[in-house]
Amino acid sequence: MKRYLARNLALCCAVLGMLTLVGCASSNGSGMSSGSPDGSGFPQTSKTTVVTQGHPPKDGAKVVQTYMDNLYGKTELRDDDYHRHVDKQSATGWTPWHWRHQAHNWGDEPMPAKAPAPAPMMNHSVMNFPSAVTDADGKSCCGVVTLEKFAPGEVSVGETFEYKLVATNKGSLKLMDVVVTDMLPGDFKVESSNPAVEGVKEGKGVWMLGELEPGASKTITVKGSATKPGRLVNCSTVTFTPYACVATNVIEPALKLTKKMPSDVLLCERIPATFEITNTGTGTARNVVINDSLPKGLVTEAGDGNIKIVVGDLASGASKRYVVNLKPLDTGKYTNKAMASADGGLKSDASASVAVHEPVLKITKTGPEKMFIGKTITYKIKVTNTGDAPAEMATLEDTLPAGAPFVSATDGGTHAAGKVTWNLGTIAPKASKEVSVSVKADNPGTYKDVAMAKAKCAKAVDASAETMVTGIPAILLEVIDLDDPIQVGNNVVYVITVTNQGSAPGTNIVIENTLEDTMQFVSAAGATAGKNTGKTVKFAPIASLAPKAKAEFRVTVKAVKAGDVRFSTKMTSDQISRPVEETEATNFFE
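To get my numbering, take the position in the sequence shown, counting from 1, and add 312.
Take these hints with a grain of salt, some might be off.
[Unchecked claim] Here are the computed lysine-lysine pairs in the DSSO-like style, where the Cα-Cα straight-line distance is at most 27 Å:
| no. | residue 1 | residue 2 |
| --- | --- | --- |
| 1 | K540 | K476 |
| 2 | K731 | K692 |
| 3 | K572 | K674 |
| 4 | K870 | K847 |
| 5 | K682 | K860 |
| 6 | K572 | K476 |
| 7 | K639 | K540 |
| 8 | K760 | K677 |
| 9 | K645 | K540 |
| 10 | K632 | K677 |
| 11 | K694 | K768 |
| 12 | K687 | K659 |
| 13 | K476 | K501 |
| 14 | K768 | K731 |
| 15 | K768 | K645 |
| 16 | K639 | K674 |
| 17 | K745 | K771 |
| 18 | K645 | K766 |
| 19 | K632 | K568 |
| 20 | K768 | K692 |
| 21 | K535 | K608 |
| 22 | K742 | K766 |
| 23 | K731 | K677 |
| 24 | K694 | K677 |
| 25 | K694 | K649 |
| 26 | K608 | K870 |
I should point out that these hints are in silico values taken from the structure, not numbers from a laboratory.
Turn these sequences into a full structure, and let the hints guide you.
Encoded structure:
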């Protein structure tokens with residue numbers, strides 16, 4: 313087959329020349345290429361399919377051949393030549409013109425002298441207009457507009473008929489400035505079109521369709537009539553503006569830092585400081601770091617006063633959470649600010665506050681300073697919370713004095729192994745709880761009772777009380793005369809007995825006697841030496857008189873005058889605040 317096929321528009325019209333009305337689609341420079349790599353005349357990047365529907369004449373191929381001969385000279389159009397071009401063009405990667413006729417009866421038999429008139433039919437012409445474009449993601453793609461034409465196969469002169477042009481965006485990108493141009497035959501009268509034609513100049517109707525979204529179609533309907541019999545040859549083109557795109561992502565990462573701490577903690581507790589950093593912007597935040605300079609009184613568990621958290625890169629919308637345990641060193645309210653930063657000067661800060669409380673216990677204990685042996689000693693214990701937080705799980709333990717038997721305890725105190733324990737529960741700030749414990753003083757000496765109070769997060773406190781336990785001296789003084797009555801001139805002996813009936817020794821016991829005028833001192837003897845001075849007889853002090861022990865003294869006097877006489881004795885000691893006096897009566901007679 314000769315290379316005249318390069319003249320594709322004429323060939324398109326020739327193939328359809330058998331029809332009363334011929335639809336012919338072509339492209340301009342933006343959508344078509346008139347040449348091919350091998351010089352065959354087949355366009356490299358366009359595809360045209362002309363479909364003739366209905367019932368073609370038996371020798372339609374010959375009609376085509378004759379029409380081509382009339383136009384261009386002998387063409388020798390043969391089926392095997394066609395397929396050679398198709399095979400060659402397919403191998404080179406470009407798409408051939410594809411003619412498709414329902415009667416594939418290409419041959420060399422002679423054309424009949426007169427072809428039968430074709431039956432009425434609808435002509436359908438399709439032309440693809442490709443163009444290479446690049447989308448916003450940098451991927452190469454194709455912008456393809458398919459222009460289809462639909463027209464009746466036969467009409468009468470003066471009969472109004474319509475034909476349609478359908479432009480479809482077969483590509484994946486929106487196309488701009490889509491323009492359809494229809495070459496109107498001179499013997500065709502345009503009556504109307506929808507949409508309205510933009511203008512007709514030099515036999516060309518122009519429709520500016522504007523933008524065409526992917527997959528969208530726009531239809532042009534033209535109504536008119538033929539002004540004379542003959543063949544209406546009507547061809548169309550479509551143009552559009554392809555474009556190449558390049559996308560640059562403009563990002564704006566942004567940091568949002570939050571810091572949380574519990575509002576109140578106890579001094580003995582750890583403070584969980586929670587940091588959460590979020591990239592609320594677009595794009596990745598690079599080299600994110602969180603820094604927190606702790607206020608005085610707060611440190612990390614390792615004892616550091618500064619926190620540094622290396623977050624690294626943080627994608628858009630991503631968050632990271634960190635928990636750092638802090639240790640309070642003192643009570644009070646602490647507020648501090650943490651700062652997050654990243655490349656590009658990104659910053660965000662967040663503050664948090666925490667109040668550190670502490671229960672503080674105070675204990676007091678009272679008891680008698682002195683107590684006698686055998687008596688009961690009662691100690692009172694008071695525990696007060698002077699802090700600003702409740703003292704939870706408070707307990708009190710009292711250690712009894714050694715050798716002091718337990719007697720009783722108030723408020724549920726329990727005794728075991730020389731200790732009394734109370735569960736005091738929770739003591740509110742500024743509140744107190746008071747208990748008491750009693751022991752028996754069986755032995756002399758200094759009794760020391762120690763109590764200790766504890767509570768959750770409170771320092772243990774203790775208090776003690778001492779009691780001097782002494783015995784009761786209870787010294788008995790007795791004075792008797794051995795003879796009564798006594799005749800004047802004779803002697804009488806007075807016996808003085810000191811007995812310690814108490815439980816403690818009596819010390820520095822002094823016996824002193826007084827004589828009346830009716831008496832004359834004769835002698836003195838006893839536990840200590842006696843000395844007479846005038847009418848007084850005084851014995852040296854007894855240094856110590858043990859409990860139940862006795863001391864005896866004897867004073868001998870001479871009756872020198874008759875009468876009802878009195879022998880007086882006075883006793884003093886360290887344990888007696890007032891002297892003990894005893895008098896013995898004797899009858900002196902002549």
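Structure-based check of all given hints:
Of the pairs offered as hints, the one joining K540 and K476 holds, with about 21 Å between alpha carbons and a cut-off of 27 Å not exceeded. For the given pair, K731 sits about 15 Å from K692 by alpha-carbon distance, which is consistent with the 27 Å threshold. For the suggested pair K572 and K674, the alpha carbons sit about 34 Å apart, so the restraint of at most 27 Å is broken. Between K870 and K847 the CA atoms are separated by roughly 13 Å; this keeps the pair inside 27 Å, and the hint holds.
With a C-alpha separation of about 22 Å, the suggested pairing of K682 with K860 holds against the 27 Å cut-off. Restraint check for K572 and K476: the C-alpha separation of about 71 Å exceeds 27 Å, so the hint is violated. Distance hint between K639 and K540 is unfulfilled; the C-alpha atoms sit about 105 Å from each other, more than 27 Å. As the CA atoms of K760 and K677 are separated by approximately 11 Å, the hinted pair is consistent with the 27 Å bound.
A C-alpha spacing of about 104 Å is found between K645 and K540, which places the hinted pair above 27 Å, so the restraint is violated. Only pairs whose Cα atoms come within 27 Å are accepted, and K632 paired with K677 is rejected, the gap being roughly 55 Å. For a cut-off of 27 Å, the pair hint linking K694 to K768 stands: about 18 Å separates their Cα positions. Taken as a hint, the K687 and K659 pair is broken in the structure, with Cα atoms around 78 Å apart against an allowance of 27 Å.
The hinted pair formed by K476 and K501 meets the criterion: a straight-line CA distance of about 15 Å does not exceed 27 Å. At most 27 Å may separate the alpha-carbon atoms for a hinted pair to count; K768 and K731 meet this at roughly 21 Å. In summary, the hint linking K768 to K645 is supported, as the alpha carbons are separated by about 20 Å, within the 27 Å threshold. With a C-alpha separation of about 25 Å, the suggested pairing of K639 with K674 holds against the 27 Å cut-off.
For a cut-off of 27 Å, the pair hint linking K745 to K771 stands: about 17 Å separates their Cα positions. As the CA atoms of K645 and K766 are separated by approximately 25 Å, the hinted pair is consistent with the 27 Å bound. Between K632 and K568 the CA atoms are separated by roughly 11 Å; this keeps the pair inside 27 Å, and the hint holds. Our distance criterion of 27 Å between C-alpha atoms is met by K768 and K692, whose separation comes to about 23 Å.
For the suggested pair K535 and K608, the alpha carbons sit about 91 Å apart, so the restraint of at most 27 Å is broken. In summary, the hint linking K742 to K766 is supported, as the alpha carbons are separated by about 16 Å, within the 27 Å threshold. Note on K731 and K677: the hinted pairing holds, with a Cα-Cα distance of about 15 Å set against a maximum of 27 Å. Of the supplied pair hints, the one linking K694 and K677 holds, its CA atoms being roughly 6 Å apart against a limit of 27 Å.
For the proposed pair K694 and K649, the alpha carbon gap of about 43 Å is over 27 Å, so the pair is violated. Straight-line distance between C-alpha atoms of K608 and K870 comes to about 96 Å, which puts the hinted pair past the 27 Å bound.
When each numbered hint is compared with the structure, violations occur for hints 3, 6, 7, 9, 10, 12, 21, 25 and 26.
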